[in-house]
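Line by line, the protein sequences are chains G and C. With the first letter of the first sequence counted as 1, position 168 gets the number 168 in this note's numbering; the numbers rise by one all the way through. With the first letter of the second sequence counted as 1, position 40 gets the number 40 in this note's numbering; the numbers rise by one all the way through.
Calculated from the structure, these hints are not laboratory results. We put the beta carbon where it would ideally sit given N, CA and C, even for glycine. Check each hint, because a few of them may be wrong.
[Unchecked claim] Quick list of simulated restraints, FRET-style, between CB atoms:
(1) C/PRO120 - G/THR63: 45 to 51 angstroms
(2) C/HIS223 - G/GLU6: 50 to 56 angstroms
(3) C/ARG88 - G/ALA228: 27 to 33 angstroms
(4) C/ARG88 - G/ALA180: 36 to 42 angstroms
(5) G/ALA180 - C/ARG231: 26 to 32 angstroms
(6) G/PRO227 - C/SER8: 22 to 28 angstroms
(7) C/CYS34 - G/LYS222: 41 to 47 angstroms
(8) C/ARG240 - G/THR63: 47 to 53 angstroms
(9) C/ALA177 - G/GLY46: 52 to 58 angstroms
(10) C/ALA180 - G/PRO227: 40 to 46 angstroms
(11) G/SER9 - C/PRO52: 34 to 40 angstroms
(12) C/PRO81 - G/LEU181: 25 to 31 angstroms
(13) G/ARG117 - C/ALA177: 47 to 53 angstroms
(14) G/PRO120 - C/ARG240: 51 to 57 angstroms
Protein chains: 2
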Amino acid sequence: MRFLSETSSDGVCEQLFLLDDIPGALWTPEGAACTRPLIVLGHGGGQHKKAPDVLDLARRCVTECGFAVVAVDVPGHGDRPVDEDYHRIATENQARVEAGADPAPLIAAFQALVARRTVPEWRTVLDAVQRLDHVGAGPVGYWGVSLGCGLGVPFVAAEPRIGAAVLGLGGALASGAHAALITVPVLFLVQWDDERVPRGQGLALFDAFASADKTLHANPGKHGDMPAFERGSALRFFSRHLA
Amino acid sequence: MRFLSETSSDGVCEQLFLLDDIPGALWTPEGAACTRPLIVLGHGGGQHKKAPDVLDLARRCVTECGFAVVAVDVPGHGDRPVDEDYHRIATENQARVEAGADPAPLIAAFQALVARRTVPEWRTVLDAVQRLDHVGAGPVGYWGVSLGCGLGVPFVAAEPRIGAAVLGLGGALASGAHAALITVPVLFLVQWDDERVPRGQGLALFDAFASADKTLHANPGKHGDMPAFERGSALRFFSRHLA
Numbered sequence: 001m002r003f004l005s006e007t008s009s010d011g012v013c014e015q016l017f018l019l020d021d022i023p024g025a026l027w028t029p030e031g032a033a034c035t036r037p038l039i040v041l042g043h044g045g046g047q048h049k050k051a052p053d054v055l056d057l058a059r060r061c062v063t064e065c066g067f068a069v070v071a072v073d074v075p076g077h078g079d080r081p082v083d084e085d086y087h088r089i090a091t092e093n094q095a096r097v098e099a100g101a102d103p104a105p106l107i108a109a110f111q112a113l114v115a116r117r118t119v120p121e122w123r124t125v126l127d128a129v130q131r132l133d134h135v136g137a138g139p140v141g142y143w144g145v146s147l148g149c150g151l152g153v154p155f156v157a158a159e160p161r162i163g164a165a166v167l168g169l170g171g172a173l174a175s176g177a178h179a180a181l182i183t184v185p186v187l188f189l190v191q192w193d194d195e196r197v198p199r200g201q202g203l204a205l206f207d208a209f210a211s212a213d214k215t216l217h218a219n220p221g222k223h224g225d226m227p228a229f230e231r232g233s234a235l236r237f238f239s240r241h242l243a
Numbered sequence: 001m002r003f004l005s006e007t008s009s010d011g012v013c014e015q016l017f018l019l020d021d022i023p024g025a026l027w028t029p030e031g032a033a034c035t036r037p038l039i040v041l042g043h044g045g046g047q048h049k050k051a052p053d054v055l056d057l058a059r060r061c062v063t064e065c066g067f068a069v070v071a072v073d074v075p076g077h078g079d080r081p082v083d084e085d086y087h088r089i090a091t092e093n094q095a096r097v098e099a100g101a102d103p104a105p106l107i108a109a110f111q112a113l114v115a116r117r118t119v120p121e122w123r124t125v126l127d128a129v130q131r132l133d134h135v136g137a138g139p140v141g142y143w144g145v146s147l148g149c150g151l152g153v154p155f156v157a158a159e160p161r162i163g164a165a166v167l168g169l170g171g172a173l174a175s176g177a178h179a180a181l182i183t184v185p186v187l188f189l190v191q192w193d194d195e196r197v198p199r200g201q202g203l204a205l206f207d208a209f210a211s212a213d214k215t216l217h218a219n220p221g222k223h224g225d226m227p228a229f230e231r232g233s234a235l236r237f238f239s240r241h242l243a
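Based on the sequences and whatever the hints tell you, model everything.
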């Protein structure tokens with residue numbers, strides 16, 4: 001793990017790093033020196049580790065809860081090179097959707113393909129970050145919606161260190177099988193008029209989680225319209241389960 | 001409006017009152033002297049104005065938000081006499097359900113009948129309470145689930161002073177038509193395994209609210225199993241919209 005930069009503002013220390021060839025960002029309280037809860041943030045499709053909603057949530061986790069937060073670029077996103085295979089498949093999928101194909105099974109297949117790489121990558125990141133003195137091996141949560149849900153559900157299912165997860169904007173077709181392996185507390189976010197994930201698919205994914213403690217929040221609007229106050233819900237959820 | 005008693009504990013003043021023949025309770029911050037937001041609480045079936053969940057929510061609204069809260073007994077509940085008509089209908093309905101009838105249309109018809117009385121009663125209560133110096137004509141919210149939703153939806157639809165409402169454990173069959181008249185912000189609570197309100201009925205009621213700003217929270221469990229943390233969600237919702 002190689003640190004590229006370290007900056008601080010308003011009580012939040014941001015360290016950019018490379019782990020093997022994975023570019024990431026770690027946020028911690030300024031002056032932090034001991035073990036604390038850690039949130040792994042998975043960004044959305046076409047976004048990156050410092051997309052505005054990721055950054056806002058990361059900073060709030062640090063300032064309001066004292067947590068550490070880590071996010072890395074998904075292959076083909078942010079500071080990572082274009083992946084020729086993914087790029088070709090994504091371009092083909094877009095053409096099919098424009099020609100009238102149902103996007104849900106295409107998204108599901110694509111996310112399953114990418115998850116085969118990101119699940120082991122994110123586990124390696126978790127190993128490395130938890131070895132740092134100012135993070136340590138404390139409780140771990142995961143937050144990710146849209147692509148961050150498609151990649152997050154198999155990650156949470158595979159990784160026993162994750163103790164609570166905020167997921168959403170995903171469907172049962174893509175993630176139902178892995179969701180049935182998840183038993184930790186889940187906050188699941190649905191956009192009621194999601195044009196990419198049919199409502200029934202989203203509700204069926206909520207149904208599929210094996211967690212006894214799970215809560216669904218639904219709000220009107222399309223895939224990209226999730227209200228900012230749901231970031232506050234995520235903070236309270238993590239505080240309840242990890243702090 | 002005749003006050004029967006006044007007691008204070010832990011910063012909360014509780015006044016029991018009679019308005020005509022309606023017994024009610026008013027909670028305000030100890031020493032309150034000016035206008036503040038007011039929450040009208042509607043209790044559940046078989047409960048009363050001081051049922052434990054009503055009382056807990058009322059006290060939290062006062063201590064955490066500085067609001068006033070009022071609740072009155074629904075006819076046939078709490079300190080009100082048994083209403084022969086309601087009692088007969090409820091007994092007949094129970095026998096029908098035990099004989100295998102679908103409870104949803106029976107509940108819908110019964111709540112519509114009772115609402116014809118409670119809507120004008122609650123509007124009178126609101127008039128009276130807002131004339132008190134320590135309540136005043138500030139913003140008003142409504143909270144009610146189960147029977148408190150069945151009676152609350154027509155109340156919120158009819159009463160322009162209500163600026164935000166927490167409703168839940170109700171279905172579209174009973175309340176859909178009135179819900180379509182509601183445009184204020186709504187937080188709607190669903191129990192995912194509700195044995196009294198079919199899931200599709202609950203989701204359809206959420207769908208029916210005309211409010212641009214509405215949020216659904218769903219949790220696993222039966223009709224009576226709503227988690228206590230949803231009271232915290234209600235407080236934050238009212239703070240966001242009324243404070």
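Hints and how they fare:
no. : hint                                    : verdict
1   : C/PRO120 - G/THR63: 45 to 51 angstroms  : holds, 49 angstroms
2   : C/HIS223 - G/GLU6: 50 to 56 angstroms   : holds, 53 angstroms
3   : C/ARG88 - G/ALA228: 27 to 33 angstroms  : violated, 51 angstroms
4   : C/ARG88 - G/ALA180: 36 to 42 angstroms  : violated, 48 angstroms
5   : G/ALA180 - C/ARG231: 26 to 32 angstroms : holds, 31 angstroms
6   : G/PRO227 - C/SER8: 22 to 28 angstroms   : violated, 38 angstroms
7   : C/CYS34 - G/LYS222: 41 to 47 angstroms  : holds, 43 angstroms
8   : C/ARG240 - G/THR63: 47 to 53 angstroms  : violated, 20 angstroms
9   : C/ALA177 - G/GLY46: 52 to 58 angstroms  : violated, 42 angstroms
10  : C/ALA180 - G/PRO227: 40 to 46 angstroms : violated, 22 angstroms
11  : G/SER9 - C/PRO52: 34 to 40 angstroms    : violated, 46 angstroms
12  : C/PRO81 - G/LEU181: 25 to 31 angstroms  : violated, 55 angstroms
13  : G/ARG117 - C/ALA177: 47 to 53 angstroms : holds, 52 angstroms
14  : G/PRO120 - C/ARG240: 51 to 57 angstroms : violated, 41 angstroms
Of the numbered hints given earlier, the model fails hints 3, 4, 6, 8, 9, 10, 11, 12 and 14; all others are met.
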